[in-house]
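Let the hints inform the model, and build the full structure from the sequences given.
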Amino acid sequence: MGLTGLQKDSKRASDVPLRDIVAHLAENRAQLREEWVRRINDAQLLTAMTKDELFAEATSVYDSYVDALETRTLESLEAYAQNLSERIIPRGVETHEVVGIVLLLRDVLARSLFTKYHDNPALLDRALDAYEPAANSIAITVAVGFVRERERVIRQQQESIRELSTPVLQVRERLLIQPIIGVIDPHRARQLTEQLLRGIRDTRARVVVIDITGVAAMDANVANHLVLTVEAARLLGASVIVTGLSPEIAQTLVNIGVDLGKMRTVGDLQGGIEEAERLLGYKVVPVAEPQA
Amino acid sequence: MEVPILKQGPYLIAIIQSALTDADIVHLRDALVEKVGRHRSLGVIIDVTALDVMDSFATGTLRDMAHMVLLRGAETVIVGIQPDVAFAMVHMGLKMEGVATALDLEEGLAYLDQRTKAARHR
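Chains D and X, in that order, give the protein sequences.
Our numbering numbers the first residue of the first sequence as 1 and each following residue consecutively.
Our numbering numbers the first residue of the second sequence as 1 and each following residue consecutively.
Hints are supplied without guarantee of correctness; some may be wrong.
Simulated pairs of lysine to any residue, SDA-like, Cα-Cα distance not exceeding 25 Å [stated by the list, open to error]:
1) X:K117 - D:E277
2) D:K51 - D:S112
3) X:K95 - D:R190
4) D:K262 - X:Y111
5) D:K262 - X:S56
By construction, these hints were calculated from the structure, which means they are not laboratory data.
Owing to the predicted nature of the structure, the values given are computational and were not obtained by experimental measurement.
The following block contains the structure:
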């Protein structure tokens with residue numbers, strides 16, 4: 001037998017069983033699918049889904065799986081995995097669950113192959129040779145598709161948080177407010193300053209109220225940064241009023257020895273805006289009795 | 001490059017148009033302090049809009065100049081510091097203590113008008 005003959009032979013060895021395997025899986029579709037769903041329930045995976053949903057999803061995963069084995073292409077499975085991820089990620093499905101169910105299916109199918117070929121070890125060997133690599137690449141495809149989708153969602157969320165996190169709002173001619181909510185890390189602190197200074201230049205603001213009611217605590221670095229921001233705003237000709245300092249932040253500022261002469265602070269946002277209006281020469285007067 | 005100094009009513013206006021060497025800044029300082037007396041000016045405006053860097057020497061010299069001008073009877077206001085420059089300055093600890101700053105030329109003029117009006121009323 002020549003080299004070509006050997007190659008042909010080994011090709012046949014992997015071809016024939018895979019076709020057999022697909023036929024076997026299609027034949028026993030109902031039973032294997034139920035076995036798989038039972039195993040998923042036992043392992044308490046995908047608890048976020050109802051039984052009916054799980055069964056419907058299991059059916060289409062099973063069919064896509066067999067289809068991928070049969071056609072030996074991963075494109076449609078990839079598309080399906082992405083579609084599946086898009087649907088289940090918002091419901092809080094974790095990576096280990098998705099990987100878990102695919103590995104369970106792989107296991108269920110492998111076991112059924114054991115049962116089918118158990119009286120013919122040579123054939124079983126060849127069947128597993130054909131099945132294992134294909135099953136592995138399917139598992140990888142689904143896992144990678146899920147993780148990729150998750151990362152995309154995370155990136156998108158980070159972006160929207162970043163955009164949302166630092167609004168600079170004009171409340172009156174030449175008066176800006178910047179409400180800050182949540183944790184301030186160095187990256188965000190820098191961004192806050194940049195947006196504030198740009199806002200001052202673009203709106204020609206003379207007074208800025210920075211409200212930090214929504215900030216529970218800040219470390220010395222960020223507190224220092226806040227002081228620098230106040231200084232920088234002054235260089236642009238704007239006065240800064242900081243409002244809503246929590247007791248913890250007040251303590252931090254005292255501990256790092258902030259020169260309080262340079263920083264104007266007022267208890268709450270209302271007080272800050274009133275102070276700012278005074279600085280700008282506004283006077284708010286009610287023109288009529290409030291409507292009932 | 002020499003910075004032109006314009007006389008506008010009771011004020012002197014120096015608009016810096018490009019990066020300056022240390023010698024240029026010293027020259028500007030001397031010229032302004034001298035002219036404040038000659039024109040009996042009430043205020044000085046330095047426009048630094050075109051500068052994208054303010055180092056410690058420039059900051060220190062401008063601050064000294066503001067104090068010298070004050071001793072000669074006039075107010076100084078620095079206008080047009082860019083956001084990035086302002087942030088870089090405070091990071092390096094250059095803070096222009098005791099010197100008035102304003103957003104732009106218009107704001108600077110408004111500031112001086114207000115200050116000199118107050119002074120005249122006294």
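Does the structure break any of the earlier hints, and which numbers would those be? Going through the list in order, the structure violates no hint and respects every one.
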